[in-house]
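Participant: Using the sequences and the hints given, assemble the complete structure.
In case you want the letters, here they are:
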Amino acid sequence: MLSVHRVTHRYGGGAPILREITFSYPRSGMLAVTGASGSGKTTLLAIIGGLIGPSDGGDMTFDGGAVPEPTWVFQLPNVLAHRRAADNVAVAALASGASWAGALDDAHVVLDRYGLGHVAAARARTLSGGEVQRLTLARAETMGAPLLLADEPTGQLDHANTVMVAAALRRLADAGTTVVVATHDPSVSNMADATVALENATASYVDLS
Amino acid sequence: MWTSRSLAGEIARNLRGVHVAVGAVLAAILLWSGQFEAASVGQGVTELDRWLDRGGMVFSVEREGGIPGDECIGGSGGGSVLAAGGASVVGGDPETVTFDRSPGVAYSVIAMTRGAVEIVGGSGPPTPGWIVGQTALDELGVTPGMELGSGADTAEVAAAIGAEERQLGYDRDLIRLVPAGNQVFVICWVELDPSAFGSGAEVIAGFLPYDDAVIRPFLRTEPGEHPVARYQARPSRLVWVAAGLAVGLFWGLWYWIRRRELALYRSLHLSRSGVALLAVGEAVAVTVPAAVVASLVLVVGHGATSATLLGVWTIGTAGLLGLVAATATAWPIARRNLAVALKDL
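Residue numbers (the numbering used here), protein chains in the order written: chain V, -7 to 201; chain X, 27 to 371.
If you're looking for bench data, these hints aren't it; they were derived computationally from the structure. Note that this is a predicted model, so its numbers are computed, not measured. One or more of the hints may lead you astray.
What the hints assert, rightly or not - Interface residues of chain V toward chain X, partial, derived using beta-carbon atoms under 7 Å:
hint, residue
1, Pro60
2, Trp64
3, Asn70
4, His74
5, Ala84
6, Leu86
7, Gly89
8, Val101
Claimed, not checked - FRET-style restraints, in silico, Cβ to Cβ:
hint, chain 1, residue 1, chain 2, residue 2, range
9, X, Thr29, V, Gly6, 44 to 52 Å
10, V, Met(-7), X, Thr29, 27 to 35 Å
11, X, Ile283, V, Gly5, 49 to 57 Å
12, V, His151, X, Leu322, 37 to 45 Å
Beta carbons are placed, not taken as given, at the ideal position from N, Cα and C, and that holds for glycine.
Facilitator: Pasting the structure below:
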């Protein structure tokens, strides 16, 4: 369970961008953080992920304890461009001490699940934007972190690719990962189990399940 | 947890065609630098030849244990200069010169004339006033002014001197026989305190049969003031600095271009030091082979001991600057706030 309790944050001496944000997401699954540009979506994700601390107080817990180090997916594609798609997934397994050969075998299985089996041997730089984002999600699955934070992962994708990436996020959530995705795209938020809508520095939590 | 094996594997897997190209360019730069050094030495040899052809004598004092030739006429190519120029050994009266007899410290007094071998004096551990190799040369009947020819007598002298050096506990040659054409020149290494250069020069000047404007300033000033030394040492060192900076600049730019990639590794839970190691390892994987290739070409191309020294300089200068640049660039890129890094970079 991800709990955010009375988080308030401001940049410099300005008005709070987040004020007394409180919600509890009671299970693994997909939580969409929505709101207009500048509403604080990225800031909230950064606070949940521990990248910045709330300036004016508040705390977060995950399953009753500290929030684990999450896996991140960003709007801009982040891949090892010169490496093969399979390499980009396999490299994530090295963090858990896996051997390269085993990691590479597993990577092909994961890529198949994300519809990328046919480009496993292709250099990442040759993939389309949608394929790259799915590749980053496949890598995130391989990382195996219980928490995935995705910041506008479909921001630069067309509708067809957005649907595929949203489906991939859904797949991760169904596999037991807690996915928190900042988005203003209904194609993504409609697939979530719950939403946190940010407006005027406050949050409205809605359970969609 | 990343293991050292997986980290090493990533370094290897990240190598690609561009690294080979970069390595080739790097080797070319290093080779060019080394050849400049070698050419500089060659020019010094030419100037020295001209000088010796006029009947001149050249004197230098250099400290052993440091960089050979650093305080010598030949710069780091001192051996080449000596080989081409021919050498007589002229030492001062040890009782009138302040000698540093600290263990492991030795200085050489070298004087060169065309063709002849002349051993006048000198000093070396363990006995003040003793000339390394003097006993052996005496036994073999090598006298001051005697010209050594090539052949058995040369080998005999070399072996005798070597035996004496070993007997006295030296683990390397203090006297080198340098063949040059049909002549053999002897270089005798003795001890001399550099602070006594002035008085030592005066003592040794007494043995010199010439009173020449080129020699005199050299004798009376700090080492390296000799025009040949100035010609050789300074420009070549500048080239090394330039080559080193080029290598360092390359690696700095290389990792700045790839900053998102380095930040990505941080998001894959590789530690900051691990990311720095990744960058440094890649620099090593390219720099060291390039330096080795350049050094081999230099050694094969120039042969003399100076080429080996050039190789050491090549690897040392390029490698060190490459590692510093790679680390200095990768370290700030691999900062903790990886989300900011990945979004802003």
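Participant: Kindly confirm whether 37 to 45 Å is satisfied by the beta carbon distance between His151 of chain V and Leu322 of chain X.
Facilitator: violated (59 Å)
Participant: With 7 Å as the cut and Cβ atoms as the points, is Pro60 of chain V at the interface with chain X?
Facilitator: With Cβ-Cβ at 11 Å, over 7 Å, it is violated.
Participant: Is the hint on Val101 of chain V kept, meaning its closest Cβ partner in chain X is under 7 Å away?
Facilitator: Result: violated, 19 Å to nearest chain X Cβ.
Participant: Per the CB criterion, is Ala84 of chain V less than 7 Å away from chain X?
Facilitator: holds (6 Å)
Participant: Taking the closest Cβ pair, is Trp64 of chain V under 7 Å from chain X?
Facilitator: holds (5 Å)
Participant: So, His74 of chain V near chain X? Judge it on the closest CB pair being under 7 Å.
Facilitator: Status holds, d = 6 Å.
Participant: I want to verify a distance hint. Is the separation of the beta carbons of Ile283 of chain X and Gly5 of chain V within 49 to 57 Å?
Facilitator: With a Cβ separation near 37 Å, Ile283 of chain X and Gly5 of chain V fall outside 49 to 57 Å, so the hint is violated.
Participant: Do the beta carbons of Met(-7) of chain V and Thr29 of chain X sit within 27 to 35 Å of each other?
Facilitator: holds (33 Å)
Participant: Can the hint on Gly89 of chain V be confirmed by a CB-to-CB distance to chain X that is less than 7 Å?
Facilitator: holds (6 Å)
Participant: Please test the hint of 44 to 52 Å on the beta carbon pair from Thr29 of chain X and Gly6 of chain V.
Facilitator: holds (46 Å)
Participant: Regarding the hint that Leu86 of chain V lies at the interface with chain X, is the smallest CB-CB distance below 7 Å?
Facilitator: holds (4 Å)
Participant: Do the numbers back the hint for Asn70 of chain V, that is, is its least Cβ distance to chain X under 7 Å?
Facilitator: holds (5 Å)
Hint violations for this structure: numbers 1, 8, 11, 12, all remaining hints satisfied.
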